[in-house]
Amino acid sequence: MDSILPYIATAVAAIGLLIVLSSGVRLTRAGGGVLGMAGLVWLFMLASTIPGGVGDVTIEVFFLIFAAMAVSAGVQMIRSPRPVYSALFFVLVVMSVCGMLVMLEAFFIAFALVIVYAGAILITYMFVLMLAQQASDASHQGETPEYDRTPRDPVAAVCVAAIFMAVVVNVTFTGLNDLAPAASDVDRLRADAALLANTPRGVQRQVGEDVVLPDSLDGHITVQGDGVVLHASSPTGDALIVPLKSPGNTSHVGWSLVARFPASLELAGIILLMAMFGAVILARRQIDHAEEELASAVAAPDSSEVDA
Amino acid sequence: MMCLLASAMGSVSLAHALLLSGVLMSIGLAGFVSRRNLIVMFLCTELMFQAVVVAMVAFGRWYWDFSGQVFVIFILTVAAAEAALALALVVLLHRRRATLDADAWTELRE
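Protein chains in written order, with the numbering used here: chain A, 1 to 308; chain B, 1 to 110.
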């Protein structure tokens, strides 16, 4: 990298974050937020000289809007003295990230994140938060406890974050020029054709029963022009060329999951099962009298032995 | 400002996606170090997971390779398992001391 400007922009953003984290005055915090955002906008403008991109202008504008939402909600989340608000801001972060994933054409993952994160994991967090809050606030109602109001060592925290960010900036500004070129439209059509060749039943459903498929689809599905076509025959034996629709994001992810990573999929199931067992055992309420009974049961043979 | 940025580039730049991922990761890191509430600390780790998700999907989109999105599914699995175990631990600790303050457990490191 031939310029020090990206590092300066990172430092400006870090100073803004430090002001937001450590100040108790609302106006100062707002100023810090504006300073941090300005630093980030500068950094992104410097980064827009790096070549390479996907999609078109509308997509980029929406991506940046979602990015601004995610960053501001994230800062609010680590600043807010009330943990319940933190959890709600995290829901906003998840929603913004899902917006970005839609812009990056990862539709299945975007909706899975909304359902699993915002729907399930965050509800669990809220549940535990409210349970704990209710128990500890019984003495002083409505007052946020001291450990939530004052951050622990914000200077060190922001320094760690800024150093990490400087490493990311360095890699982004120097390493991306050596990257292999992005996939072209033809590459994407080829990926579609490869997936369709592996799923004969889906192809049959798409073209209807009037078309007789060959025994193996290998080599019969090719890229032609700006689409994928199937070379097959009609029941009377005439050669047919049928255009096929793209299988879509969910089919690609599903095929990748079961065809390329089947063992990891099984492993994920085992991890979930073990986590369930662990959570049940950890959160089980200890029963005191059970231990007393156990102790007496252990002691009983000794006494009978003494008696004998 | 945003339109100016976009017209300079014309498409979602991989650099922008990676920088955004880095920013989210840094915010999560800063929050993890500076907050003292156990549950908010775990929320910050979830924020770092989100950052990784953005980076994975951006690279996958660049190469049109779906392994990145499959990895996000595994990240989701690990995040769900972590949330279940971590929250069970927090409930356990909260039952002993009746506080969510991480500093209440400093003697563990001595």
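Hints listed in this document are in silico derivations from the structure and should not be mistaken for laboratory results. Predicted model, so just to flag it, every value in this text is computed and none were measured. Worth double-checking, as some hints may not be accurate.
[Claimed, not checked] Derived Cβ-Cβ restraints for the label pairs, each shown as a range:
(1) A/T150 to B/T45: 15 to 25 angstroms
(2) B/T45 to A/R260: 39 to 49 angstroms
(3) A/A263 to B/E107: 40 to 50 angstroms
(4) B/L108 to A/V84: 35 to 45 angstroms
(5) B/E107 to A/A194: 50 to 60 angstroms
(6) A/I15 to B/T45: 17 to 27 angstroms
(7) B/T45 to A/I8: 48 to 58 angstroms
Backbone N, C-alpha and C fix where the C-beta goes; we use that ideal spot for every residue, glycine too.
Hint by hint, here is what the structure shows:
no., hint, verdict
1, A/T150 to B/T45: 15 to 25 angstroms, "holds, 21 angstroms"
2, B/T45 to A/R260: 39 to 49 angstroms, "violated, 28 angstroms"
3, A/A263 to B/E107: 40 to 50 angstroms, "holds, 42 angstroms"
4, B/L108 to A/V84: 35 to 45 angstroms, "violated, 27 angstroms"
5, B/E107 to A/A194: 50 to 60 angstroms, "holds, 58 angstroms"
6, A/I15 to B/T45: 17 to 27 angstroms, "holds, 25 angstroms"
7, B/T45 to A/I8: 48 to 58 angstroms, "violated, 30 angstroms"
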